[in-house]
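Peer 1: Residue numbers (UniProt numbering), protein chains in the order written: chain A, 1 to 386; chain B, 1 to 624.
Careful, some of the hints might be misleading.
With a Cα cut of at most 30 Å, we get these calculated BS3-like pairs of lysine-lysine [what the hints assert, rightly or not]: (1) 123/A - 186/B; (2) 216/A - 272/A; (3) 128/A - 41/B.
Source of the hints: derived by calculation from the structure; they are not laboratory data.
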Amino acid sequence: MATLVTLPSLPPAWSPPSEPASSISPLVQRRLIPAGAAYLAHIKRTLNNHTFDEYDKQLEEERKRLELLNADGLNGEDDLGVGDEEESPELLLLDAKEWKKQDHYQVLGLSHLRYKATPEQIKIAHRKKVLKHHPDKKAGASHTTNDDAFFKCIQKANEVLTNSERRRQFDSVDPICLSLEEDDPSASDFKGREKDTAFFFKTFAPIFEREARFSKKIPVPMLGENDDSKENVHAFYDFWYNFDSWRSFEYLDKEVNEGSDNRDDKRYTEKKNKSERARRKKDDITRLRNLVDLTLGLDPRIKRIKQEEKEAREAKKKTKGGMSAAEQKAKAEEDKRKAEEEAQRKEEEEKVARAEAKKAKTAAANAAKKARRQQRAADTDEAAPS
Amino acid sequence: MAPNGLIPNGTAEAPIEISAVPSIVGINFGNSYASIAVLTKEGIAECIANEDGERQIACAIAFQGEEMYIGNQARHQLVKNSQNTITGFRNLLGKKFSEVPQAALSVSAPVIQHPSLPDTPAYKVKVLQPAPSPLKTTAANTPAASQVATPRSEPIEAERVLTVSEVTTIFLGSLVQSAEDFLGRKVLGAVISLPSWFDDAQREAVIEAAEDAGIHVLQLLDDAGAVAVCTAAGSEEISSDRTQLIVDLGASSLELSLLSVREGLAYSLATISDSSVGGDDIDSKLIKFFAKEFTKKTKTPLTVAPASDPLDKRAEAKLRLAVEHTKRTLSASPGAATCSVESLKDGLDYTGSINRLRFDMEVRSVYDKVYAKVKELVASAGVDLYDVDEIVYIGGCACLPGLDETLAEGFTENVITPFKAGTVAGGGIGDPTTILARGCALQAQLLVGLAGETEEVRQAFIKGNGTSSVSATSRTIGLLVPQVSAEGGLGGVWVPLILKETPLPCRRTVTVEVDVSGSEDRVGFEFWEVSEGVRIEHVKQQKFEDEEDESQDEEEELEEVKEKTISKEAFLASLSLSRSNPSKGKTKVQVQAIISSNGAVDLSIREVTKNGLGEAVTLTVGSS
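Take these sequences, add in the hints, and give me the full structure.
Peer 2: Below, the structure is given as structure tokens:
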């Protein structure tokens, strides 16, 4: 009932009437029309023998379950989990002219997805933001002239993120990821924690997951687990030492002053930009290499594998007929001697070969000279024999 | 983080193509008109127009030459090509030829015995078969040498015999095609509404015809069911417990049902259908009026409804098409509505107009018939017109405000009609022309959602299943606060909790405010079972001074004055609780009554305080 009925209170001299009826009037049989949600609810209650309270509880659970599903964005219905991100007041004050400095993901409300946002999600996010911030929507609401500033930022962000090349350029220097990179652990962080395997994996797994996005080659092997096989671990380090990255740093280029006609000026800036890019790229490669080095150095699996290899070697030795140390030494010496002899012999052979080659050469030269002498009888000059 | 971290730059996962809105269609399949409704993106059922822009699609199929016309285009063929136009086929579905009344004068193609199938009604129409393909062509695409004469390249006249089922298949197919064109997707299933008097054979025939057209029929819903689905939600003004009168004034028949709607659960208290009253009668009255006008204007004799002369017949068909527009104009505005027909008879054009007042006068007899039927229905259910809380109209003719005005006279002043609520026009919730189709679409949505339910639940929606029978209360139960000084038969303030004719099990919760004026801190109620009635008193009509002269010679008429009465039947229980905050003023109390399916009543009251609900005081009245 929508309206609240106001009742008077009981009269003071009220006492309940005596002899209450034992039951209500006889029931009548009817046939329901099998239609509507209420009928479905009625059927469910009847078939499951639920009371109203039980049914309410069930409905509540169902509602919660659906809510959870929706919260996950798994309903996939229309926004693919883009969600609605509120803009902070600072964000709304952004200037579109300074678009290079803005965080495009944050502008489109995708800061929870960042580089993982799919083109579809970007499209949806852009539409959502446009719907909210289009200047037409704001017409009349406030009369400031700067109304479409944030809309321009949105357009700029969309422009960057929908162009795959420009998006890569931005992703390469994504401010949030850059700050994460700065927080990467150094060797000093692991001082005294060398034995802490869990800490190692917890620290490095996300880092490699993050770095993986720059790879030209897919799939990228991940750090993996503590009990990975030797092959996997080697494959991992192999890949990461030969990491082929598409990361580039054009985005940070200094603007060429378009207004100036000075060609030299332009060229100078371009040159500077180019060298800056190269420097950054080099830095980035070094950074990654250092990172992999650090990982390799700290990796408990490598230690384990080395240990295992050593054990295997020793086990192999032991199984090989139990040669004594002396015998082994003698054998080694013999090997050495043999090798030396071999080397000596080879050297001698080479010497002989060299001498012979020299001889042949001299003979040929002599023959030629002889011919010339005969040709020119007046030749008195004495040719050197070499 | 991504599960495998292999997403370098936003790999596009295939977008999930799940639409929240299932592609289903609700079909109102009437004898004269049909309508279709689909669910919009917002999840609201909406009646859609077919390719011709018609929301009311005439159930007619016409054949002319090689063409086949369906819907309102086919109706226009009734003028010149009536022998090849099929109308009114729905009511023949599932019937044997011997069961079809032959006497009825038909303006369209006559029903004949099917030449090969025994005892099957059929239609015979003349069509033009497309021309046979030219001579066989060889690989070089030149006609092969042939001795026979070149076949005719014109289409050949032929006769085509169509059974009623085939006609229905064609028609339903075209409806679903329209819906698919609108949705841009294949239709998964349909709910079709039919009148409640359709027997099993007829229902079977409808399903068969629909399946032939490639439509998956989810349910055949009674008209009343479609209305219940559409109106179940209730609104601010309408309580969710009410008695609903459904007036379905279609083109060919009148159907009335009285429903008891209790929080969306509906069952029928009584139904009446009468094929002697219908929108066609209104049409006949209207064309008679216009024919008379025509004769007056042009001195050309014209007798219609019924017409005997072939020329008159054609004129009648033309008029019938034209008054459709007139009726719609009349429903929309009280001003003059025109009717124009070119070359009505003897090459004379006709343009006339009629205003709503005149129109209501002309069709008064139809209105009165409907009113009489309504009275009959309500009496057969053992209730009074005053017990009806809501009237719902179905059908194009029910859009006429005159009908509502006529009916409203007999009901209480606060009966809710779509005209009063202002929901008639513009596809509102009470729009009589679309309500059935929308109800069907909503029901289809519900049924499609049943996919995850058990077989038992799904079976419950099939007609004739035992799960639909329930026990219902026969008397209203409510709470009473006795007052010494209260007037009326109850001696106190009465708040109904569970109305009579409520299916069990049921639960009702009412929150009331209690004005605690005295110093005592107890709040209590008595629970009573009551019987309701209507007291009819005949009182002298009040006369105004200035009218006295005119009505002096008239006999003094007695006017019926009705009043709802409630009388105590049985005392069930009394409950009281002490207040948590014993101060003067008002307090809120929640009263809940649950009646289980065997008739046991659980009553409980609890105080609503600022921090939630207080301790409940409960009591059970034994089962019967």
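Peer 1: With the threshold set at 30 Å, check whether the alpha-carbon distance from residue 216/A to residue 272/A stays at or below it.
Peer 2: 27 Å, holds
Peer 1: Residue 128/A and residue 41/B: Cα distance at most 30 Å?
Peer 2: With Cα atoms ~17 Å apart, residue 128/A and residue 41/B stay inside 30 Å; holds.
Peer 1: Does residue 123/A pair with residue 186/B here, judged by a C-alpha cut-off of 30 Å?
Peer 2: 27 Å, holds
In this structure, every one of the numbered hints holds.
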